[in-house]
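Undergrad: The listed protein sequences derive, respectively, from chains A and B. With the numbering used here applied, the first sequence covers 1 to 259. With the numbering used here applied, the second sequence covers 260 to 518.
These aren't lab readings, by the way, just hints derived from the structure by calculation. Keep in mind that this is a model prediction, so the values were computed, not measured. From the three backbone atoms N, C-alpha and C, an ideal C-beta is built for every residue, glycine too. This list has only true hints and no planted wrong ones.
Chain B stretches covered by chain A per the calculated footprint, using a threshold of three residues with CB under 8 Å from any CB of chain A:
1. 305-313
2. 399-411
Partial selection, computed: residues in chain A whose CB lies under 8 Å from chain B:
3. Trp101
4. Tyr225
5. His228
Number of protein chains: 2
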Amino acid sequence: MKVFIVYVHPEPRSLNGALKDLALRTLQNQGHQIQVSDLYAMQFNALATRADFLALQCEDVLHYMAEQLHAAETLAFTQDIREELEKLRWAEVVIFQFPLWWFSMPALLKGWIDRVFAMGVVYGGKFGIYDQGGLRGKKALLSVTSGTRATMYSPTGLNGDIERILYPIQHGILYFVGMQVLPPFVAYNVIHDAQAREQALRDYEQRLLALEATEPIFYHPLSHYDEHRQLRPEFARAEYELHVFAGKEASNDETDKEI
Amino acid sequence: MKVFIVYVHPEPRSLNGALKDLALRTLQNQGHQIQVSDLYAMQFNALATRADFLALQCEDVLHYMAEQLHAAETLAFTQDIREELEKLRWAEVVIFQFPLWWFSMPALLKGWIDRVFAMGVVYGGKFGIYDQGGLRGKKALLSVTSGTRATMYSPTGLNGDIERILYPIQHGILYFVGMQVLPPFVAYNVIHDAQAREQALRDYEQRLLALEATEPIFYHPLSHYDEHRQLRPEFARAEYELHVFAGKEASNDETDKEI
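Work out the full structure, taking the sequences as your base and the hints as a guide.
TA: Here you go:
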């Protein structure tokens with residue numbers, strides 16, 4: 001497989017750096033091809049501005065998405081954006097390696113998304129959204145670290161369910177552009193617990209070795225929504241499957257009957 | 260009141276710019292004091308790095324949060340971070356004005372959070388988290404714009420419930436540091452519909468005029484969680500109130516009885 005790792009951490013000797021190196025080594029040993037974007041090392045520009053376009057459709061007022069669409073038609077993206085788009089086009093799997101900062105991605109990765117996930121290229125224009133997005137057919141995996149315990153991210157935990165925390169990224173970014181989202185790898189409690197860090201590296205290696213066989217999270221295809229973009233009642237049942245695929249407790253027969 | 264507006268949009272003539280100007284004018288007319296951080300105009304640095312600290316506790320390996328904690332004790336933050344912290348300290352209400360990009364905030368605002376919401380100052384250290392956070396007593400309001408229709412953000416809508424989309428920001432960032440989070444102001448469908456933009460300005464003005472009287476969203480205080488940070492079953496009922504305060508359909512008596 002062709003695997004693109006987008007790695008974001010200011011400290012190369014961090015656990016995130018070690019997880020990135022582990023992925024590189026493990027996947028290369030399996031014969032996969034790898035490209036890495038180390039956004040801090042690249043000093044990637046995180047700021048969406050009019051300077052992202054070699055030519056503007058409208059010089060007067062900046063409509064960023066409209067300029068993206070225009071740039072997609074006229075190949076007017078700056079070189080740094082084009083290089084990342086080329087890696088995305090090449091990839092069959094994209095791994096995002098980053099620490100959970102404020103229950104989300106570091107600003108630098110968000111800036112990469114804001115600038116590189118361009119309308120007209122990865123969604124919209126000749127493409128649609130969600131399962132009609134421009135990156136359909138590709139897989140995505142979040143590999144993230146958190147300083148707090150896993151139980152804090154349970155459905156009754158103080159921080160809220162990890163599925164709820166990652167939903168805007170997994171559904172709103174990755175599935176929005178058509179990618180099949182694999183269940184996330186989350187390394188918990190990694191700040192104060194050296195054993196947890198070691199265990200995370202072992203667990204992640206197993207996840208990487210099983211990468212090709214891993215089933216994606218179930219998200220509804222567009223065809224499950226009506227003309228007002230509302231989930232058709234007959235498909236509401238499938239919501240439950242999300243939790244099965246996400247590795248949570250599977251349904252038992254009694255729960256099935258209640259739904 | 261002392262109101263701090265954090266405004267993030269690359270185009271001053273955008274709807275976001277107009278909403279920011281409207282807030283400034285409306286609140287000043289009511290006799291409130293206002294400060295604005297226009298992050299694009301300020302060319303605020305979005306990138307968390309070791310350069311954020313005038314002196315490092317550990318020169319060898321960067322532990323960003325540990326350095327924040329150290330900087331909080333030794334006043335070692337760079338000038339740009341200290342100025343924003345001073346505005347936060349001054350403010351009684353903080354309004355965040357930004358476009359929903361990828362179901363979240365623009366990278367520049369995330370960078371402001373990553374750098375300014377420092378451990379030891381707005382949470383942790385001598386403070387705790389959530390209702391024990393360093394910004395407790397202050398209120399926060401998200402004022403955001405979206406290019407798509409409101410129905411896309413209903414509980415059965417294609418994008419997912421807006422409450423679910425904003426949860427990592429409202430609960431994970433704003434409530435985490437102790438702020439009382441007011442129900443968000445969301446201007447929908449603002450790209451292709453000029454009428455929607457006009458209506459958004461009128462609606463927002465009404466929200467601003469009612470700002471002081473607006474009830475915050477209900478989030479559980481720490482005391483509702485047990486020693487494992489799990490919500491105590493006797494408080495699970497209160498989950499429902501979230502939806503009442505968020506301006507959704509209130510419960511009726513029959514629903515109440517079922518819970």
